[in-house]
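K.L.:
Those protein sequences? They're chains Z and A, same order as listed. Note that this note's numbering gives residue 285 to position 285 of the first sequence, counting from 1, and the numbers run on in steps of one. Note that this note's numbering gives residue 492 to position 492 of the second sequence, counting from 1, and the numbers run on in steps of one.
No lab work stands behind these hints: they were computed from the structure. Computed from a prediction, not measured in an experiment: that's the story for all the values here. Yeah, the Cβ is synthetic: ideal placement off N, Cα and C, and Gly gets one too. Be aware that a few hints might be false.
Covered by chain A, according to a simulated footprint, are these stretches of chain Z (three or more residues, beta-carbon under 8 Å) [unchecked claim]:
hint, segment
1, 74-84
2, 220-229
3, 478-490
Some chain Z residues close to chain A (C-beta under 10 Å, calculated; not the full set) [as the list claims (entries may be wrong)]:
hint, residue
4, S143
5, D144
6, R151
7, E160
8, D164
9, A190
10, G201
11, T213
12, V316
13, A319
14, G331
15, A348
16, D387
17, V595
Number of protein chains: 2
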Amino acid sequence: MTGEGPGAGRVRLRLLAEGRPPKEVSVPPGVSVFEAASWNGVAVDSTCGGHGTCRKCKVRVTGTGGPAGAVPVSRLDPRAFTPEQLRDGWRLACLAPAVSDLEVEVPALSTRPKAATVGVGRQVILRPAVQKRYVELAEPSLSDQVPDLERLLAALDDLELTPDLHAVRAVGRVMRAADFKVTAVVVDDALIDVEPGDTSGSRYGLAFDLGTTTVVATLLDLSAGTPVAVRSMLNLQQPYGADVISRISATMLDPAALDRLRDAARETLDQLALEVCKEGEVSPEHVYEVALAGNATMVHLVLGVDPEPLGVAPFVMAARALPVLLASDLGLRLHPRARAVVLPALGAYVGGDVVAGALATGMDRDRRLRLFIDVGTNCEIVLGDADRLLATAAPAGPAFEGAQIRCGMRASAGAIETVRLTPSVELGVIGDAEPVGLCGSGLVDAVSELLRVGLLDRSGRFVPDAEAVRLAPELADRLATVGRERVFTLAGEVYLSQRDVRELQFAKAAIATGWRLLLQEYGVGEDEIQQVLLAGSFGSYLSPASAVRIGLVPALALPRIVSAGNVAGEGAKLALLSVQERAGALALLKEIHYVELSDRPDFNDRFVDLLSF
Amino acid sequence: MTGEGPGAGRVRLRLLAEGRPPKEVSVPPGVSVFEAASWNGVAVDSTCGGHGTCRKCKVRVTGTGGPAGAVPVSRLDPRAFTPEQLRDGWRLACLAPAVSDLEVEVPALSTRPKAATVGVGRQVILRPAVQKRYVELAEPSLSDQVPDLERLLAALDDLELTPDLHAVRAVGRVMRAADFKVTAVVVDDALIDVEPGDTSGSRYGLAFDLGTTTVVATLLDLSAGTPVAVRSMLNLQQPYGADVISRISATMLDPAALDRLRDAARETLDQLALEVCKEGEVSPEHVYEVALAGNATMVHLVLGVDPEPLGVAPFVMAARALPVLLASDLGLRLHPRARAVVLPALGAYVGGDVVAGALATGMDRDRRLRLFIDVGTNCEIVLGDADRLLATAAPAGPAFEGAQIRCGMRASAGAIETVRLTPSVELGVIGDAEPVGLCGSGLVDAVSELLRVGLLDRSGRFVPDAEAVRLAPELADRLATVGRERVFTLAGEVYLSQRDVRELQFAKAAIATGWRLLLQEYGVGEDEIQQVLLAGSFGSYLSPASAVRIGLVPALALPRIVSAGNVAGEGAKLALLSVQERAGALALLKEIHYVELSDRPDFNDRFVDLLSF
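Given only the sequences and the hints, what does the whole structure look like? Please build it.
P.N.:
Here you go:
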């Protein structure tokens, strides 16, 4: 169990932004006024993104709920304000903790922030950690012997930068080669390089969704906030097993497997990186930052961290949040000092991919009560609104990946992804190919339709042939027996077996138990949910009607059941585009309260109850 | 010219330490109360060394010379004190800037600090950046799934640490292998490793004096503050030239030379590192930090930074202060994440070796007016006391290295290092060997003695034979002619030539012009100097009487002319032993005012005047 009681002891801020109606927000105490405003859509001026360096985020605290002067003067405030201004309540918003209820005046922006649309209806103000600054410097002389690095840093005096050795090596050479007209490359507080001339237009980042099955890379233009190229490929770790447990097992059986799995993941990332750079016609040297979202096992493996404690009780991670790394730590050949940000994880089975998803869907800012379900071998569930969030993981098993299904396959060409019994059998097949198997969404559709026409009963059993002929005469002849099992033939060799139905029942029961127990923990009923978000590549293809019919998701009006797409990748993009969003991902670790289901006495009863459709 | 008018606008602190008489100190405004106290020998409790993390350095501001409440409340103060305590003036000393005159109560230390003696009569309180903490952790369980890293960090909650990826990789494996009894390895704010069991007794650092000619390595036990092993060797860059200018030239003539010089320096450091570890029976993996002092050219070269701008007008460095590096950036094979601190430089010709020397001799804390002279091809001079410091560089030429001297040689076996004419010729020879040449101190002695007996006149000319016979009949037959030059035979083939005397005259005139102009700039007379410190391996061997007689140093009573030894190496040791001293080295960049001599109109007149003995 992590986090404290959600929403407990929040403080309220009344934000008075010039030319806008007052806005009241509540945040955990100690959060900076800058973050509190930014998270709630009130833009505060800043070029450093809230790092206490640019001294542009000036606000005035005009009223406090606590003792007067409750907002302390930070060490940098005296450098930004006169003593009179300090007395009048002026503070740098990024260094001003919201320690009690406050009223805060926010001046109009001096620069119009650029914004981009990312995630699920999210509008994000562009504030990447990667900055470029073109400067024209005075040439040194005997009366001006200021060292090269200090000369450059003096021209960037709104930032407080720590130079990488790489930049120290470059600075003198590049300045002299480029007539003292250079571009400083900054990531967060680090000066990572100095480039000749004006390269400020060339600023790229790379977002990875490192899935167990599929890995997606998106190359982003950080100046425009737009994607330049997207590529995906199968994770090269596939030969070591289809799911995380089999890959963890591989490392436990063979001491050399960890290095091999690490290298396979790195090769996957590197290959994708070079592909998107080529497609986008961007030099890999101009990619200065990487953000990566993945489940805990994938993150452990790509970093070469032993995943064994994730796989055996008590299921412990090495770390929830990781330090900022170098892209080269992930085996990437981009700018040699490019940084890498790994999205934090909530727990061994609610990983950085789910945190990224919660970020991309704005789970912590939406006032509506929403249910987020990432359906897969391990199913992650998040429930709540801006005030309170709960999360859990449910072991759904491999039904949705097609692994334990007789004619199961991944969602690729030839997979049946939709099934309608009208009463004739209408199939949607991926890639307009001949059907060769059944993927997860097709499985749910098939079961759902067979339930609707009555060929499956509520307990999940195929009805006797006689009853089938009575209930659905056009379909009854498709019931057959393969081996000792009853099956329903969908097309040619592709059928749905009795055991397949059982697999789906187990998966569905695990997931439904998960969200039902979360609802109970939250103290709300199913009917109070205002939106269901189906995440992950599987969720995107799932038919809302079928999902409702088999009881996988609450019985909402269908338009309220939304496919959220690849939200893990969207979350990684958000982290690249905005340092605030990145901070928001870390904040989610405190905001989301993890609920462990496996030690609950009522789990098994619920689970058995929910096996029926 | 760097720095501002020294001593200008300082603030005064009255420090009231429990059980000690009040102490008044003056420091530049903005310096933290912690540093102001530490620099002036008043110990303030701290386990983090003034990094704002341990919250132990509690002091009470009882009076201010400015507006009440002039010491701002820092962001961490509310976490260390109650609102009442804050109102009463309690502050964390390391985050409290001395913005105006203050009176400060310093509580007694709760832990007795260890101290070590380093440098020239310096007593330093041991506070290395390298810390080790042994902890015994609770084993995780289903009801306690705290991740491994967080479990460890929670046991170190007086520190705010950023873990290296290396530590993230180690933490889970080491904890489980060692029954959750582990030692955290911390350097500054970084958690660099986790070691099984209790290794807290094994904590080492390595101090380098990276000289152009000689490189010295000292392995230090950071727990005890004592040296374990010392080794020196010739810089493997020697084949590229004897002095910095010839090495800079090498890089300008051959594009591949920079890499080769870098590698030669690294190989020198690495070889010494392995030697001292072997001698001290210390595993290189237990060396967690390195401090390096060297002149600007040596530092540029070892880091692979192009030194050309140092060698040509306007003589510009890449950087005065460098970021914290990894020891591996210097080619060292120690702990893989060992850090490296390079002592900062004041300018292209007043390098980190001189800053280290000023630190080791306490130039910025001694109340006496002192003159520090590092004699060498480039001679660095520092003049001043705790209130004000001036520095300059004088190009002495290679006389002291023996390079341009007919029978000159380095101070190694067979070199004449002392000369007495009593009136017989008494020679001190290094290594009790037959004399084969004359090193710098022998040169100064020989000239000084020949002046005393009258065989050299004040203008530096050998007197005519007839006069020689009259003045020193026992020595006159040693005057001879070699080629077209008059010489004085010291022993066998070893002689001092007329041109040798001229070389020394030039060197001595350059140095004497340097310190005389500094005295003038400082506004004091030669007779006000209370101590002369002769630094560097050359200074250590120089006879004070001879140095005075030829006018190389001011004519002080001989006991006031002190050989300071290898102060650059001592400064590097200080930086390893104490984070305060390390901060002190950086502070010296602001405290020492650099005086450029070459553009002074009176330089040449002075120089010519001082050519005579």
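K.L.:
Against this structure, judge whether each hint is valid.
P.N.:
Going down the list of hints, with the structure as the test:
Beta-carbon proximity to chain A at under 8 Å applies to 5 residues in the segment 74-84 of chain Z; the threshold of 3 is reached and the given coverage holds. Coverage of the segment 220-229 of chain Z by chain A is violated in this model, with 0 residues showing a Cβ closer than 8 Å to a Cβ of that chain against a need of three. A stretch counts as covered by a chain when three or more of its residues have a beta carbon under 8 Å from one of that chain; for the segment 478-490 of chain Z and chain A the count is 0, and the coverage is violated. A distance limit of 10 Å between C-beta atoms decides the matter here; for S143 of chain Z the minimum to chain A is near 8 Å, and the interface restraint holds.
Below 10 Å, beta-carbon pairs count as interface contacts, and D144 of chain Z has one with chain A at about 7 Å; its hint therefore holds. This hint holds: R151 of chain Z has a C-beta 8 Å from the nearest C-beta of chain A, less than the 10 Å allowed. Among the interface hints, the one on E160 of chain Z is violated; its C-beta lies about 12 Å from the nearest C-beta in chain A, farther than the 10 Å criterion. Annotation: D164 of chain Z was flagged as interfacial toward chain A, and the flag holds, the nearest CB pair being 7 Å apart, inside 10 Å.
Annotation: interface hint on A190 of chain Z holds; nearest CB of chain A at approximately 9 Å, less than 10 Å. Interface hint status for G201 of chain Z: violated, as the beta-carbon distance to the closest one in chain A is roughly 27 Å, over 10 Å. The restraint placing T213 of chain Z at the interface with chain A is violated, with a minimum CB-CB distance near 25 Å, outside the 10 Å limit. Annotation: interface hint on V316 of chain Z holds; nearest CB of chain A at approximately 5 Å, less than 10 Å.
The interface hint given for A319 of chain Z is met, as the beta carbon of that residue sits about 4 Å from the closest beta carbon of chain A, less than 10 Å. Hint status for G331 of chain Z: violated, given a least beta-carbon distance of 13 Å to chain A, over 10 Å. At a threshold of 10 Å, the smallest CB-CB gap from A348 of chain Z to chain A is about 7 Å, leaving the interface hint in force. Against a cut-off of 10 Å between C-beta atoms, the interface hint on D387 of chain Z is violated, since the closest Cβ of chain A lies about 25 Å away.
For V595 of chain Z, the interface hint is violated, since its Cβ never comes within 10 Å of a Cβ in chain A; the closest pair sits about 12 Å apart.
Of the numbered hints listed earlier, those contradicted by the structure are 2, 3, 7, 10, 11, 14, 16, 17.
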